[in-house]
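Undergrad: Taken in sequence, the protein lines are chains A and B.
Start counting at 1 in the first sequence, then tack on 18, and there's your number in the working numbering.
Start counting at 1 in the second sequence, then tack on 18, and there's your number in the working numbering.
Simulated from the structure, these hints should not be mistaken for laboratory data.
Any given hint could be a false lead.
Copies of one chain are not kept apart here, so a pair can be met inside one copy or by any two copies together.
To be verified - Simulated crosslink set (DMTMM-like; lysine to aspartate or glutamate; CA at most 20 Å straight-line):
hint : residue 1 : residue 2
1    : K403      : E376
2    : K403      : D151
3    : K171      : E390
4    : K132      : D93
5    : K334      : E400
6    : K435      : E449
7    : K387      : E54
8    : K82       : D93
9    : K406      : D151
10   : K383      : E272
11   : K275      : E380
12   : K392      : E47
13   : K455      : E390
Protein chains: 2
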Amino acid sequence: MKTKVEPRTLPGFMELNPNDQVKFNQMKETIQRSYERFGFLPLDTPVIESSEVLLAKAGGETEKQIYRFKKGDSDLSLRFDLTVPLAKFVAANYNNLAFPFKRYQIGKVYRGEKAQKGRYREFYQCDIDIIGDGTLSIINDAQIPSIIYNTFKDLGFDNFTICINNRKILNGLFKSLNLSDLSTDILRIIDKIEKIGLDAVRGELDTLGLTPDAIETIISFVSIDGTLDEKLSELNDFNITDELFVEGVKELSEVIKYIRFLGVPEGFFTIDLKIARGLDYYTGTVYETFLDDYRKLGSVCSGGRFDSLAEYYTDKKLPGVGISIGLTRLFYQLSQMNAVKTSRNSVSDILIVPMNDEDIEECLKIASKLREEKINTDLFLENAKLKKKMKYADKWNIPYVVIVGEEERKTNLYSLKTMETGNQIKVSLDEILGIVK
Amino acid sequence: MKTKVEPRTLPGFMELNPNDQVKFNQMKETIQRSYERFGFLPLDTPVIESSEVLLAKAGGETEKQIYRFKKGDSDLSLRFDLTVPLAKFVAANYNNLAFPFKRYQIGKVYRGEKAQKGRYREFYQCDIDIIGDGTLSIINDAQIPSIIYNTFKDLGFDNFTICINNRKILNGLFKSLNLSDLSTDILRIIDKIEKIGLDAVRGELDTLGLTPDAIETIISFVSIDGTLDEKLSELNDFNITDELFVEGVKELSEVIKYIRFLGVPEGFFTIDLKIARGLDYYTGTVYETFLDDYRKLGSVCSGGRFDSLAEYYTDKKLPGVGISIGLTRLFYQLSQMNAVKTSRNSVSDILIVPMNDEDIEECLKIASKLREEKINTDLFLENAKLKKKMKYADKWNIPYVVIVGEEERKTNLYSLKTMETGNQIKVSLDEILGIVK
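Required output: the full structure, derived from the provided sequences and hints.
TA: Below is the structure:
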């Protein structure tokens, strides 16, 4: 006898059971429909790209995590995000596109990170980006929060906050204080303000060697608070004349104005002057989104404005703005907290079960009729006790079971069992249709 | 100035433009909905698996085509089909499933084939399989053609033929003639019968060294013709008593009986005694599907019954029956012949366009209202001439454009342009809703 191979799945790779996969797919499809409602076009780039193309821009940490290998003479890599493939696509197909080019892509990306709980090496990203040809109106930056708002509402969430900032404000602030070189360190420190308090932040900034004046400017900057309009007003009055800073404040004001036109309710978005997003390439508006009831998850949807999408492939200036939802991680985290809000629990709406072999013909006919009416219908046709058939319905969360026996065939009245209550009634096929629909 | 990298996509990898991707996605989603209508549960296994697990069964041609590589100490491979991952999943999760386990998986698989037109190295497979625990009723073999029928109808096809056979009939025939060793060669020859005619087939069989009696038995077998019932009757009367042959005929008769109960119209399925499917592991019913108007495409949906899904991972007997649609290749072929039957041409139902900057606020509000009504709505907000905005709508096949200017804002009557006809009328927002819906 042959030795068996252990049927294992690699660590860091999500493989859901079907009941969870139903929920995952519902979230994925909700996101897709929401993106399409805003007019984004689908793209589906290959998972494998030439390493030369994929790594044109990469370096450092990213490069180490890449799945890179040879096949014949080809040096290949698996995509590690959906932005580089978009840049490649836009640069390669520039003449065949109409701009602004709005695309969504929902697909798996690969990063060979250290395996740990909740960290995945293969995970879905759900991205949208709006790419301009040369220029791109700031109003697009306001559309993004409207998309985030509608998407998370559609996903079943009622309490979340879209935090908006503009990198030009931060960059201008640091520039005017001659602290551009220390910006990363300063951002890291002020990010802790809620945890450690103002005084501790002052202390840490002092350790960096900042002057008392600079420290006080930063402290009063991060202390800007109040309503949206109060924050904007304080920013407008803030004692910094740096051009970049002023431009950032103007852009942020415009974004807030247009978000309101788009009908996003106040309370779902705010200005957070501390957020910067780690990535180097954001140059204007930046976004982070927090589920208020699950704040510790961190941002569940982030992104921003960038000056140039595809500079490694083309001289064309292609400014853009976009966001990404890391669905695999989000689903994992929500599942851990029983916070997945999907309405769908099963594929099948109903299971048809024969009492005996003579009832099978009738079962097949009923199933075909229900399927014609677009009702997802499963059949249990194996030889088994009724109890086992019910366990099958229970396992796959099928809400209704129709049992067909001799009496049912004679009377054309079928036993319909509601699994949740155990209730069983005799109904006609039309009545079944009405109940299940 | 930096040298630019050429933004190229690897040969053998499909990367569609968004307008084609819309059609591709519609086909994919139609298949998914159809599979779900029959109660199949979703699975989404990793693209990367341990080589030991993935190649437990493989060998020969498959192994050469595999994308296999090392990451650290791990020997990894990309999946080359969706059946091996299913076998792994069922073996690993046996105790957590209810059987028969019906799963669908729609995903990309990887084969490093020689690049040639219409051959892809990355392609979608759309698979369903029904896996039994120990046994699996023959009625499941009849459900498969019902699924194929409904799926291809939903894909917009009206002329296609599902060809059904049973491997036991062929295997029994060859066994009773003591020709099992030559079965592959014989099948290859009789497959050419329509091309080269009966006499040439006789000649080629003679070259193989068959006795005249054996040749005549095979010829009379492949000459079985007529209606479904005539074929079954001829098979029942055929002069072979081999147990396997008789069992195969009995199974085929049952399958035909139950397909009829499931309401698949005659004319959409037939018995074709010549089809065998190359794969070794089919042991009973086999299927091939041909689009009658595009017969030269070959089979667009194939599969069959197998005795044992996961014997390399478990001692459990897991018989199954399933089919696969190779969507990437099918889409390519249909596109080449302008035979894609999708109804959807664009993501957006409507594009909203401001005449001037003062009209933007109104445009954003209209867009939000339409999106609330689940209408996919795009906005063109860049500074551009009206002509360019119309070209944008044209490029992305958006059927309607609403133009908002000063007059429109004053009267609340908007200019609605139907792109196909060029017709332009003044309508209220409610009327727009009615027209676009």
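Undergrad: Is it within, between, both or neither when you check K275 against E380 at 20 Å Cα-Cα?
TA: between (62 Å within a copy, 13 Å between copies)
Undergrad: At most 20 Å between C-alpha atoms: does K387 with E54 qualify within a copy, between copies, both, or neither?
TA: between (32 Å within a copy, 15 Å between copies)
Undergrad: Tell me, please, which holds for K132 and D93 at an alpha-carbon limit of 20 Å: within, between, both or neither?
TA: Result: close only across copies, 16 Å inter versus 23 Å intra.
Undergrad: I want to check one pair: K403 and E376. Are their C-alpha atoms no more than 20 Å apart within a copy, between two copies, both, or neither?
TA: Classified as within; 15 Å inside a copy, 71 Å across copies.
Undergrad: Have a look at K82 and D93 and pick one of within, between, both or neither, based on CA distance no larger than 20 Å.
TA: Classified as both; 15 Å inside a copy, 17 Å across copies.
Undergrad: Could you figure out if K392 and E47 sit no more than 20 Å apart (CA to CA) within one copy, between two copies, both or neither?
TA: both (18 Å within a copy, 14 Å between copies)
Undergrad: Within, between, both or neither: how does the pair K435, E449 come out at a Cα-Cα threshold of 20 Å?
TA: Within one copy only: 13 Å inside, 45 Å across.
Undergrad: Check K406 against D151 for me: Cα-Cα at most 20 Å, and say if that holds within a copy, between copies, both or neither.
TA: Result: close only across copies, 13 Å inter versus 62 Å intra.
Undergrad: Pop the pair K403 and D151 into one bin, within, between, both or neither, using alpha-carbon distances up to 20 Å.
TA: between (66 Å within a copy, 15 Å between copies)
Undergrad: Between K455 and E390, at a C-alpha cutoff of 20 Å, which is it: within one copy, between copies, both, or neither?
TA: within (12 Å within a copy, 24 Å between copies)
Undergrad: Within a copy, between copies, both or neither: where do K171 and E390 come within 20 Å Cα-Cα?
TA: between (32 Å within a copy, 12 Å between copies)
Undergrad: Checking K334 and E400: alpha-carbon separation at most 20 Å within a copy, between copies, both or neither?
TA: Between. Shortest inter-copy distance 18 Å satisfies the 20 Å Cα cut-off; intra-copy 63 Å does not.
Checked against the numbered hints above, the structure breaks none of them.
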